[in-house]
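Using the sequences and the accompanying hints, generate a full structural model.
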Amino acid sequence: MDNKKNQDDVRGFEEFIDAEADKSFMGKPQGTKRETSFESFTFLSNDGERLNRVKNLLSEKLPFLSKYGQGEQLLERQKEEIADLREKIFTVSDQKNSPYRRSLAEIFDSFYRSTDS
Amino acid sequence: MNLPVYQFLNLNASNIDDLETLIKPELNFRTPCVINLLELDPDLQRETIGLIENAFTSVNSSFLFPYPVYLITVHEPSITRMPVAGKIEHLPKFFNQRESRLNVKESHILSKNRLLQQEIRNTDPYQNREELERYANYHRQLFAGEEERRFLRELLTRLLNGVKVG
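The listed protein sequences derive, respectively, from chains A and B.
Okay, so the first sequence: first residue is 4 according to this note's numbering, each after it adds one.
Okay, so the second sequence: first residue is 2 according to this note's numbering, each after it adds one.
A few chain A residues that don't get close to chain B, going by computed Cβ distances all over 10 Å:
no. : residue
1   : 108
2   : 110
3   : 111
4   : 112
5   : 114
6   : 115
Estimated spans, in silico, between C-beta atoms of each pair:
no. : chain 1 : residue 1 : chain 2 : residue 2 : range
7   : B       : 141       : A       : 104       : 35 to 45 Å
8   : A       : 108       : B       : 93        : 51 to 61 Å
9   : B       : 149       : A       : 99        : 21 to 31 Å
The hints are simulated quantities; they were obtained by calculation from the structure and are not laboratory data.
All C-beta atoms in this analysis are idealised placements derived from N, C-alpha and C, irrespective of residue type, glycine included.
In structure tokens:
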């Protein structure tokens, strides 16, 4: 009896109640009912893949990195290469007929060259 | 058995005193957890974030693995090492799934995932965090150095080409 009375009370609001009950904080996933039937399966498979990668990172990669890390060596080589490049740039720029000197000469000449000659 | 979807924990003035009982090490063992601090005063939020982080550190438990513990707060992410979001809508959508009854195949995958969760939990979170931070730091330095190296290399090439043309 009570059940029938409750059904009468919510008549016309069924769709609204269903939509509210399903409402998630980021909205319903898109797709038909058939497409979403594999939702949990796909999600669990993806989560399994994620967990597997995390496990590999924590139990294999990180212990390996702590023993045979190459970070410092790579940084050292990178610093050497940067110092080498800087030295080359200064050597090239310091030549008598270098583009840097010519550009400077053009700037100075445009301001200080005497107009008498 | 349940899907690993977000479990929400709303902290407010009435339950903030029970923080020690609410924040357990197994909070993020089976599911990701969201601790909503927005109902608290901003100063109290800052203080609570410190207490939550300490609760995990003191029992040598990770707030990142196997599932992350997210904090919803008005503060910037730089105030803590824990993952922070300003709004619930900013949380990763990956764990936002509808809970449904699982079939046999899904239950089988879930039980396999539980073994992985256990394996991840058995690792040393403190050592892992140190190593991860060191690794990330090297990568940042290498990235910055690589930017400089590429700039200098391009500059040198242009200068050399200029010399040849001149």
